[in-house]
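Peer 1: The primary structure of each chain is shown beneath.
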Amino acid sequence: EAGVTQFPSHSVIEKGQTVTLRCDPISGHDNLYWYRRVMGKEIKFLLHFVKESKQDESGMPNNRFLAERTGGTYSTLKVQPAELEDSGVYFCASSQVGTGRRKNEQFFGPGTRLTVL
Amino acid sequence: QKEVEQDPGPLSVPEGAIVSLNCTYSNSAFQYFMWYRQYSRKGPELLMYTYSSGNKEDGRFTAQVDKSSKYISLFIRDSQPSDSATYLCAMSGRGGGNTGKLIFGQGTTLQVKP
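Chains A and B, in that order, are what the protein sequence lines are.
Counting from 11, one number per residue, gives the positions in the first sequence under the working numbering.
Counting from 38, one number per residue, gives the positions in the second sequence under the working numbering.
None of these hints come from the bench; they were simulated from the model.
Any given hint could be a false lead.
Straight-line distance between alpha carbons at most 30 Å, and here's what the computed DSSO-like set of lysine-lysine pairs gives [what the hints assert, rightly or not]:
#, chain 1, residue 1, chain 2, residue 2
1, B, LYS93, A, LYS88
2, B, LYS93, A, LYS25
3, A, LYS61, B, LYS107
4, B, LYS93, A, LYS54
5, A, LYS25, B, LYS107
6, B, LYS93, B, LYS79
7, A, LYS88, A, LYS64
8, A, LYS25, B, LYS104
9, A, LYS25, A, LYS64
10, A, LYS54, A, LYS64
11, A, LYS25, A, LYS54
12, B, LYS104, B, LYS150
13, A, LYS88, A, LYS54
14, B, LYS104, A, LYS88
15, A, LYS88, B, LYS107
16, A, LYS25, B, LYS79
17, A, LYS61, B, LYS150
18, A, LYS64, B, LYS93
19, A, LYS51, B, LYS107
20, B, LYS107, B, LYS39
21, A, LYS54, B, LYS79
22, A, LYS51, A, LYS25
23, A, LYS51, A, LYS64
24, A, LYS88, A, LYS25
25, B, LYS107, B, LYS93
26, A, LYS51, B, LYS93
27, B, LYS150, A, LYS88
28, A, LYS51, B, LYS104
29, A, LYS51, A, LYS88
30, B, LYS150, B, LYS93
31, A, LYS64, B, LYS150
32, A, LYS88, A, LYS61
Because the structure is a prediction, the values reported are computed rather than measured.
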């Protein structure tokens, strides 16, 4: 079974440009999460989808970030326009719907390393 | 104040040593406690999962949760060079408000020297 995949693995863009990150969750996982780690800080929650619906987007830093999950399969996270402080590693995770361990056991992708110059 | 505090280290130990990693937290609503292991340039991998208080053992790894002290620990026995990684504690809430959103500690970098 394939794990969570993310594309690209690394992106270098200039301030003001647009970048779109993609996440493919494990097949059958309705929960999909985006997290971000900036240099020297802890991994922080950005948002949570259940299928195509946003359940919690309390961690999204501002309206330059837009996440979508059309059809409840893969998800994209667009940053437009990118700022220097957006640099970091963006992780996607997925889990099954349910309670307890089923929901809380999140499987992480390898991350996309975003560098904004 | 951060919800979860974790000493970033680095922590360096000789092969075969017992390693103790820990986190403290402030939110009494946390009910699910996890330890993730992250190798360089990889995503976090779930290592241990504990619900509420108590101990859990899996091979060389033991996780402990003390909710009264808001303190969790991970012990690694007979540490191996392959255990060298960053260890992240993570927690989430309970009840209807539990969306599975994880709150992470900063991670502790562990190096096990042969």
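Peer 1: Does each hint hold? Answer for all of them.
Peer 2: Going through the hints against the structure:
1. Pair hint LYS93(B) plus LYS88(A) does not hold up; C-alpha atoms about 40 Å apart against a cutoff of 30 Å.
2. With a CA separation close to 47 Å, the supplied pair LYS93(B) and LYS25(A) exceeds the 30 Å bound.
3. Restraint check: the Cα-Cα separation between LYS61(A) and LYS107(B) comes to about 33 Å, which exceeds 30 Å; the hinted pair is violated.
4. Among the hinted pairs, LYS93(B) with LYS54(A) is consistent with the structure: their alpha-carbon atoms are about 26 Å apart, no more than 30 Å.
5. Proximity of LYS25(A) to LYS107(B) is assessed by CA-CA distance (about 41 Å); at most 30 Å being required, the pair is judged violated.
6. A hinted pair counts as satisfied when its Cα atoms are at most 30 Å apart, and LYS93(B) with LYS79(B) qualifies at roughly 25 Å.
7. For the given pair, LYS88(A) sits about 15 Å from LYS64(A) by alpha-carbon distance, which is consistent with the 30 Å threshold.
8. For the hint linking LYS25(A) to LYS104(B), the alpha-carbon distance of about 44 Å lies beyond 30 Å, and the restraint is violated.
9. Among the hinted pairs, LYS25(A) with LYS64(A) is consistent with the structure: their alpha-carbon atoms are about 28 Å apart, no more than 30 Å.
10. Between LYS54(A) and LYS64(A), the direct Cα distance comes to roughly 17 Å. Compliance with the 30 Å bound is thereby established for this hinted pair.
11. Restraint check: the Cα-Cα separation between LYS25(A) and LYS54(A) comes to about 22 Å, which is no more than 30 Å; the hinted pair holds.
12. About 33 Å separates the Cα atoms of LYS104(B) and LYS150(B), which puts this hinted pair outside 30 Å; it is violated.
13. Straight-line distance between C-alpha atoms of LYS88(A) and LYS54(A) comes to about 17 Å, which keeps the hinted pair within the 30 Å bound.
14. With a C-alpha separation of about 39 Å, the suggested pairing of LYS104(B) with LYS88(A) is violated against the 30 Å cut-off.
15. Restraint check for LYS88(A) and LYS107(B): not satisfied, since their Cα atoms lie roughly 37 Å apart, outside the 30 Å limit.
16. At most 30 Å may separate the alpha-carbon atoms for a hinted pair to count; LYS25(A) and LYS79(B) meet this at roughly 26 Å.
17. With a CA separation close to 44 Å, the supplied pair LYS61(A) and LYS150(B) exceeds the 30 Å bound.
18. Distance hint between LYS64(A) and LYS93(B) is unfulfilled; the C-alpha atoms sit about 34 Å from each other, more than 30 Å.
19. Restraint check: the Cα-Cα separation between LYS51(A) and LYS107(B) comes to about 21 Å, which is no more than 30 Å; the hinted pair holds.
20. Among the hinted pairs, LYS107(B) with LYS39(B) is consistent with the structure: their alpha-carbon atoms are about 13 Å apart, no more than 30 Å.
21. As the CA atoms of LYS54(A) and LYS79(B) are separated by approximately 17 Å, the hinted pair is consistent with the 30 Å bound.
22. At roughly 21 Å between alpha-carbon atoms, LYS51(A) and LYS25(A) fall within 30 Å of each other, so this suggested pair holds.
23. Among the hinted pairs, LYS51(A) with LYS64(A) is consistent with the structure: their alpha-carbon atoms are about 25 Å apart, no more than 30 Å.
24. Pair hint LYS88(A) plus LYS25(A) holds up; C-alpha atoms about 14 Å apart against a cutoff of 30 Å.
25. The suggested pairing of LYS107(B) with LYS93(B) holds, with an alpha-carbon distance near 17 Å, which does not exceed 30 Å.
26. At most 30 Å may separate the alpha-carbon atoms for a hinted pair to count; LYS51(A) and LYS93(B) meet this at roughly 28 Å.
27. Distance restraint check for LYS150(B) and LYS88(A): the Cα-Cα separation of roughly 41 Å exceeds the 30 Å cut-off, and the hinted pair is therefore not satisfied.
28. Restraint check: the Cα-Cα separation between LYS51(A) and LYS104(B) comes to about 25 Å, which is no more than 30 Å; the hinted pair holds.
29. With a CA separation close to 22 Å, the supplied pair LYS51(A) and LYS88(A) stays within the 30 Å bound.
30. Note on LYS150(B) and LYS93(B): the hinted pairing holds, with a Cα-Cα distance of about 26 Å set against a maximum of 30 Å.
31. Taking the CA atoms of LYS64(A) and LYS150(B), the gap is about 45 Å. The hint is violated against a cut of 30 Å.
32. Between LYS88(A) and LYS61(A) the CA atoms are separated by roughly 18 Å; this keeps the pair inside 30 Å, and the hint holds.
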